[in-house]
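Visitor: Take a look at the letters that make up each chain.
Protein chains: 2
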Amino acid sequence: MKRIATSFCFLLVFVLSIQAQQALWQGPEIVSPEIHPDNTVTFRLFAPNAALVELSGDFITDEMLNNSDPGNRNIKMEKGNDGLWTYTTPSPLTPELYSYSMIVDGLRINDPSNVYLNRDIATLSNYFIISGDYADLYKVRNVPHGSVIKQWYDSPTLGTKRRVSIYTPPGYEKGDREYPVLYLLHGMGGDEEAWLSLGRADRIMDNLIAEGRAEPMIVVMTNGNVDQTAAPGESDLGLYTPTTRLPHTMDGSFETAFPDIVNFVEENYRVKKEKGSRAIAGLSMGGFHSMQISKEYPELFDYVGLFSAAVDRGDKSIPMYNNVEEKLAVQFANAPRLYWIGIGKDDFLFDENVAYRKLLDSKRYPYEYVQTPDGHIWKNWRIYLSEFVPRLFK
Amino acid sequence: MKRIATSFCFLLVFVLSIQAQQALWQGPEIVSPEIHPDNTVTFRLFAPNAALVELSGDFITDEMLNNSDPGNRNIKMEKGNDGLWTYTTPSPLTPELYSYSMIVDGLRINDPSNVYLNRDIATLSNYFIISGDYADLYKVRNVPHGSVIKQWYDSPTLGTKRRVSIYTPPGYEKGDREYPVLYLLHGMGGDEEAWLSLGRADRIMDNLIAEGRAEPMIVVMTNGNVDQTAAPGESDLGLYTPTTRLPHTMDGSFETAFPDIVNFVEENYRVKKEKGSRAIAGLSMGGFHSMQISKEYPELFDYVGLFSAAVDRGDKSIPMYNNVEEKLAVQFANAPRLYWIGIGKDDFLFDENVAYRKLLDSKRYPYEYVQTPDGHIWKNWRIYLSEFVPRLFK
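Here the protein sequences come in this chain order: A and B. Numbering of the first sequence is given in the numbering used here, commencing with residue 2 and proceeding in unit increments. Numbering of the second sequence is given in the numbering used here, commencing with residue 2 and proceeding in unit increments.
It is possible that some hints are incorrect.
One copy or two, it doesn't matter: identical chains are merged, so the pair holds either way.
[Said to hold, decoys possible] Below, in silico cross-link-like pairs of lysine-lysine (DSSO-like), each with a Cα-Cα straight-line distance of 27 Å or less:
id, residue 1, residue 2
1, Lys274, Lys175
2, Lys364, Lys395
3, Lys140, Lys162
4, Lys364, Lys317
5, Lys359, Lys274
6, Lys276, Lys162
Derived from the structure by calculation, the hints contain no laboratory data.
I would like the entire structure built from these sequences, with the hints used as guidance.
Guide: This is the structure we're talking about:
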């Protein structure tokens, strides 16, 4: 009994020290966000000294706005006598992965009760998931899980080592089966982490494969900034503030060096090495890269996905971006099995995609087109990935 | 030229929207922390409406304290007329990975100018690194990098799939060399992410190997909470608040199931399968686990590391924790090549480690002992890993 008592004592010391720490941080124990059974959500912040606490988030609809400033999309939270600020949505939220922050007397902060954050370039935001529809693909479910590998490969073309994130499907470790490969490219300001964090790519793959909707495949998430060997904090540049202002993101360098990563994957992973087993897709700048790469190496990819693609932003004085129509003619002479375009109706690149589709139409090049609501946002890119992947390698 | 203009315009839209976002968050562009050439550090927060902004951090020494409350270890920052609060350390900081937070009118927040965070159980803190000494091992340097794999393995003993983090050394992907394996265990409240984030294990391994101080090896970072299949957010439990209050962390279950992960690694990785090529080490509860596992399976490990180990906290009514002396006698009949004990002088487990060493001394069991300043903190565990790893497999 003495030993048991000692053991409990030991646990108690740990637990008390943690509780003390939490108490120091937050006052009383706070649950935030709390997702109720009907999918309304309550946010809470203990801030007895604050004069105004607001919520900022992509779940906020016009009906929720409770201030009189039409330029202010933030919601005021309500202060209780106990110093606890709360806000409960007036109606259930629809299924989605939502991001939010709190604003305390003008200072934007993350919710101290929610440890789950995504980084979008230099901005950290909390997130939560309302189940259902597409969002069920974004959750970790009780299904077989693939592996995620962060590793460095050699790019002889660029003369550097570069970091890449690779998803291998459940079962990859066993047997001698060879898998097809999807190359998945991020947008401007992103890096090899973006599709895993904001894009939930590993969860989407696990779930689509478990549902029998997608072929087991390897997904290769590159870093499309040739001036950056790795995501912020993962290179010898140290702990700097991420920025979009990276040179050489759209000057042809990434596309020229792209065979380096294909060679690395095909030499180091158990993959099928044929056009019918390779796909490339990307969002925004990554959609631009995917368009350029797939036409530049027409023998490489039988599946191409342009998600909200910055499809016509290439500086034509750069050889890679010149003579696009001629190169497309070569590509479509032996057309990809799937050339897939998705964009939101409110996207600032919408008109550009209309023009690009007109070009494809005028040449009678086959493609598929998906139009969604909303604009240039991750919600759409998660949907596009969820729709594109089931179409691959079948 | 029109195309170039369009391209610039496109970049501008992106950059402006990001700047607007940053401006919304922070007011003017803020650099925080700024590490000066002499290793003094300036912290900054734009909070014009705040009445008091404090800093909390493990870099704070008595000489920095600038308030009169002896119970308050926080530093007051100074408010400028522009709403910018600043604090500069009065003297250079010694090399280390430091963690900190800011406290705005009593509300603890993360520094919005620093995207680098570590999670310790349910607490996120910003961090920065002052170069030199051990801290040079914690940085990403321009050296060959190993890979980090997050994957799931089957534990027949526990009847579940479980998540594990695995480091493979540079060059693992090529050739047919077989590698030794270090099993590296976390403490109470930790999980399979802890040694990578707070412990910087992958950086330490890369750098020690690059310096020729460590043998290339595989490092297997398990989840020692058998009631938790994966780190918070990585299992189908969803996005819950992490806690130390996990059952079955010290009831013998983890130790009983440990051969499952050894079998998985030896079946799926190119490793040497002999006692002389296996090491096990852990911190706090993980040190306890390492002690128990290494004596329970005396044929498995030739290298054992007990870092600030909770070495005598086992409930003796549990068979795994009973008859420890008899089991140690078996283990030391064919003694491990290295039995390594490290603890800080201020650790609350210090006396317990003194008693354990007395037991080993009384039996003349060989071990090595390293005593450091400070207590039960990650600074010590990073140092212990940095000292232990160069001793392995030689």
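Visitor: Against this structure, judge whether each hint is valid.
Guide: Evaluation of the provided hints:
1. With identical chains, the CA atoms of Lys274 and Lys175 are at most 27 Å apart both within one copy (19 Å) and between copies (19 Å).
2. Proximity of Lys364 to Lys395 under the C-alpha cut-off of 27 Å is restricted to the intra-copy arrangement: shortest distance 26 Å within a copy versus 67 Å between copies.
3. Taking the shortest Cα distances, Lys140 and Lys162 sit within 27 Å of each other only across copies (17 Å), while inside one copy they are farther apart (33 Å).
4. For a Cα distance limit of 27 Å, the shortest separation of Lys364 from Lys317 inside one copy, 21 Å, qualifies, whereas the shortest one across copies, 79 Å, does not.
5. Taking CA atoms no more than 27 Å apart as the test, Lys359 paired with Lys274 passes in neither setting, with 33 Å inside one copy and 62 Å between copies.
6. Proximity of Lys276 to Lys162 under the C-alpha cut-off of 27 Å is restricted to the intra-copy arrangement: shortest distance 26 Å within a copy versus 35 Å between copies.
Violated hint: 5 only; the structure is consistent with all others.
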